[in-house]
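Taken in order, these protein sequences are the chains called F and P.
Count the first sequence with this note's numbering and you get residues 831 to 1226, in order.
Count the second sequence with this note's numbering and you get residues 831 to 1226, in order.
Derived by calculation from the structure, the hints in this document are not laboratory data.
Just to be clear, a hint being listed does not mean it is correct.
If chains are identical, the list can't say which one is meant, so a pair holds when it fits in one copy or spans any two.
What the hints assert, rightly or not - Only pairs whose alpha carbons sit at most 27 Å apart, straight line, appear in this in silico DSS-like list of lysine-lysine:
#1 Lys-1226 with Lys-1125
#2 Lys-994 with Lys-1139
#3 Lys-863 with Lys-886
#4 Lys-835 with Lys-919
#5 Lys-835 with Lys-1057
#6 Lys-1226 with Lys-1057
#7 Lys-1094 with Lys-973
#8 Lys-1025 with Lys-835
#9 Lys-1226 with Lys-1025
#10 Lys-1139 with Lys-919
#11 Lys-1139 with Lys-915
#12 Lys-994 with Lys-1143
#13 Lys-1094 with Lys-852
#14 Lys-1094 with Lys-835
#15 Lys-851 with Lys-1135
#16 Lys-994 with Lys-851
#17 Lys-1170 with Lys-1025
#18 Lys-1210 with Lys-1164
#19 Lys-1025 with Lys-852
#20 Lys-1210 with Lys-1139
#21 Lys-1210 with Lys-1094
2 protein chains.
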Amino acid sequence: MEINKNYLNLEASYLFSTIAKKVNEYSEKNPDKNIIRLGIGDVTLPLCGAVVDAMKTATEEMGVQETFRGYGPEQGYDFLKSAIKDYYKSHSVDLESDEIFISDGAKSDLGNILDILGTNNTVMVQNPVYPVYVDTNIMAGRKIVYSDCNEENGFLSMPSEDVKADIIYLCSPNNPTGAVYNREQLSEWVNYAIKNNALILFDAAYECFISDETLPRSIYEIEGAKKCAIEFCSLSKTAGFTGTRCGYTVVPDSLIYDGVSLNKLWLRRQTTKFNGVPYIVQKGAAAVFTPQGQKEIAENIGYYKENAKIIMKALDELGIWYTGGANSPYIWLKCPDNMKSWEFFDYLLNNMQIVGTPGVGFGTNGEGYFRLTSFGSREKTIEAMDRLLNYSLAVK
Amino acid sequence: MEINKNYLNLEASYLFSTIAKKVNEYSEKNPDKNIIRLGIGDVTLPLCGAVVDAMKTATEEMGVQETFRGYGPEQGYDFLKSAIKDYYKSHSVDLESDEIFISDGAKSDLGNILDILGTNNTVMVQNPVYPVYVDTNIMAGRKIVYSDCNEENGFLSMPSEDVKADIIYLCSPNNPTGAVYNREQLSEWVNYAIKNNALILFDAAYECFISDETLPRSIYEIEGAKKCAIEFCSLSKTAGFTGTRCGYTVVPDSLIYDGVSLNKLWLRRQTTKFNGVPYIVQKGAAAVFTPQGQKEIAENIGYYKENAKIIMKALDELGIWYTGGANSPYIWLKCPDNMKSWEFFDYLLNNMQIVGTPGVGFGTNGEGYFRLTSFGSREKTIEAMDRLLNYSLAVK
């Protein structure tokens, strides 16, 4: 029996384990210091009341003969697909129910979608990048090319004849940089994909953080996208579902490659290798899209967005360059005084007891940059920025 | 962009759609007839009280800041892995916590495990077979060979030098035949796998239906199995989790192929392409393994097993050959009077209004056989067997 030898080409990531090790060492040497973590990519506010109520009711239904549910449709219940369809309609995107697939999260489907795509395709990812895009393709042995994001292009790379690929990953609002494509930029990508018979895998996991109404929340707001793009979305950040696990993937009926419908291939993949998301969780997810649910999650998203503003204000005062924050939970800043990413990590930890994420951990173009997130508590975010301002002004 | 062309080699399965079509047609022509479905592979009893209570409590925790849980470990929470470890210990199998991976069901992991195995491996499945084993391997382009199960070997095929493979699927108690391997038979498979450097994928989804204490519930009860087998299990049939979604996969630390640990490869696959099972569901699953949970699920399993006995008694009275039933929710019978599978389907539907599953739908060796299940209600199971006995005796 042979293993899948492509796995031997994976590089171990030491990013988060190195961070943990450094923080632990500092903590042991300085037990009296109060460390504030702004590196966190996980939500911290609890599930909203509408979701909790819906899941409790669904749990009770499952305990009663008459309302018990066994196997559901692998692609999700109609009540949830219908709610998501209406949500898309609210930002002017018309979808058919059979184009929506309920998933246990964007990360699962971003990996699993590759099952239906040939291994000979060349894949384009941006640099810096969410590492899952890279690793899932190394596992399948695909060739990977990089599209450079940097300060010059605002960390939003554009199509180029020099970097050609069959499968193109875009994430907007971006993880890790928080940068968001506008309509014109996304149109360029869509046109480029159609011209080159390429497929865009569009990660919209952070769409709910977009406040600027001129920015697209879905790639399907762009003409032609239904002919060249699959969209992945999640309730993880939208509604605090990181531990509850529900997302959705949109595979338009009009996506045809090699004369074959990707929608039909994905349906076949899901009915063969997946058994659907728990009924209870789908009921909780549906509650997110009710008026009460939307009101409650808007409060939570607003809380994180206010944290982002507090971080942005401090960076503005210090004259530090950054992207993100305005329409994203992530703030991607340029390390001051030409510090390298890990140098700035140590500087923040040792002098201000603030923990963030070194940008170089997301790719070579992240060197010299640093990611802060708005998922902490209000109190700690304020305290961290006070420390940053006071220390920075003191040393100047 | 090229699709994965292996998908074009998949054959569409019309088994369950043809059954539905035939039943609908009959129903429309005979609106007054009361049809009893014994083809169902889904559970019908609701979740037990211990599970419902645990999930309600967990849902409440998720709504409160102090007890909210975000991302959990991809491989599952320790509280659940520890409960499963103890469960294995109760039938004399010692596992390490890191050998247990919590999944959203056996079907998902049976498909996803193939990610870590090379595509050049030859795969052995039995005939008849649960179709997922076949389709997931066609999707990856692996060569598939068949091991014949038939009345002569009690639908339990044994290793043969004529049918060699690198990956061997075994399902015991079997779906669809209900046949169960004994220790000596499983030992032969384990020895064969070790000798041939093969890997056994052991589907134990129906282990909880085993009453005969001499029969193994886990392949790890067999010496050497930790060196050649991955085991898949599920709470779907054990505790009615078909719509709640939780299972577990055991990948022993001592599984080494090409000098590489399969446990480490699977951990890498799961951390990259999966984000764990909902916290709420894991709490429900853990409740299954408490004394109260075990008592309650034993009652439900006992209910289904009593249904199986009622079916077996009727078949015995009619002198119809069958396997399964005693240690399985499935009864696999030989169609009387040399009827073919679909002929017997029509015969049962038209004369007795009973619906079952034609054996030929699971492979060529299923021709002339038929699957009944014990997942119906007591009342309907009794009524169906009364109809079968009365009609059969009347025509004789």
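Here is what the structure says about each hint:
no., hint, verdict
1, Lys-1226 with Lys-1125, "neither (44 Å within a copy, 70 Å between copies)"
2, Lys-994 with Lys-1139, "neither (37 Å within a copy, 64 Å between copies)"
3, Lys-863 with Lys-886, "neither (41 Å within a copy, 38 Å between copies)"
4, Lys-835 with Lys-919, "neither (44 Å within a copy, 34 Å between copies)"
5, Lys-835 with Lys-1057, "between (34 Å within a copy, 20 Å between copies)"
6, Lys-1226 with Lys-1057, "neither (54 Å within a copy, 63 Å between copies)"
7, Lys-1094 with Lys-973, "both (26 Å within a copy, 24 Å between copies)"
8, Lys-1025 with Lys-835, "between (34 Å within a copy, 22 Å between copies)"
9, Lys-1226 with Lys-1025, "neither (53 Å within a copy, 72 Å between copies)"
10, Lys-1139 with Lys-919, "neither (29 Å within a copy, 53 Å between copies)"
11, Lys-1139 with Lys-915, "neither (31 Å within a copy, 47 Å between copies)"
12, Lys-994 with Lys-1143, "neither (39 Å within a copy, 68 Å between copies)"
13, Lys-1094 with Lys-852, "between (48 Å within a copy, 25 Å between copies)"
14, Lys-1094 with Lys-835, "between (29 Å within a copy, 13 Å between copies)"
15, Lys-851 with Lys-1135, "neither (30 Å within a copy, 53 Å between copies)"
16, Lys-994 with Lys-851, "neither (39 Å within a copy, 48 Å between copies)"
17, Lys-1170 with Lys-1025, "neither (39 Å within a copy, 54 Å between copies)"
18, Lys-1210 with Lys-1164, "within (22 Å within a copy, 70 Å between copies)"
19, Lys-1025 with Lys-852, "neither (48 Å within a copy, 47 Å between copies)"
20, Lys-1210 with Lys-1139, "within (14 Å within a copy, 64 Å between copies)"
21, Lys-1210 with Lys-1094, "neither (48 Å within a copy, 37 Å between copies)"
Figure legend: structure checked against the earlier numbered hints; hints not met, in rising order: 1, 2, 3, 4, 6, 9, 10, 11, 12, 15, 16, 17, 19, 21.
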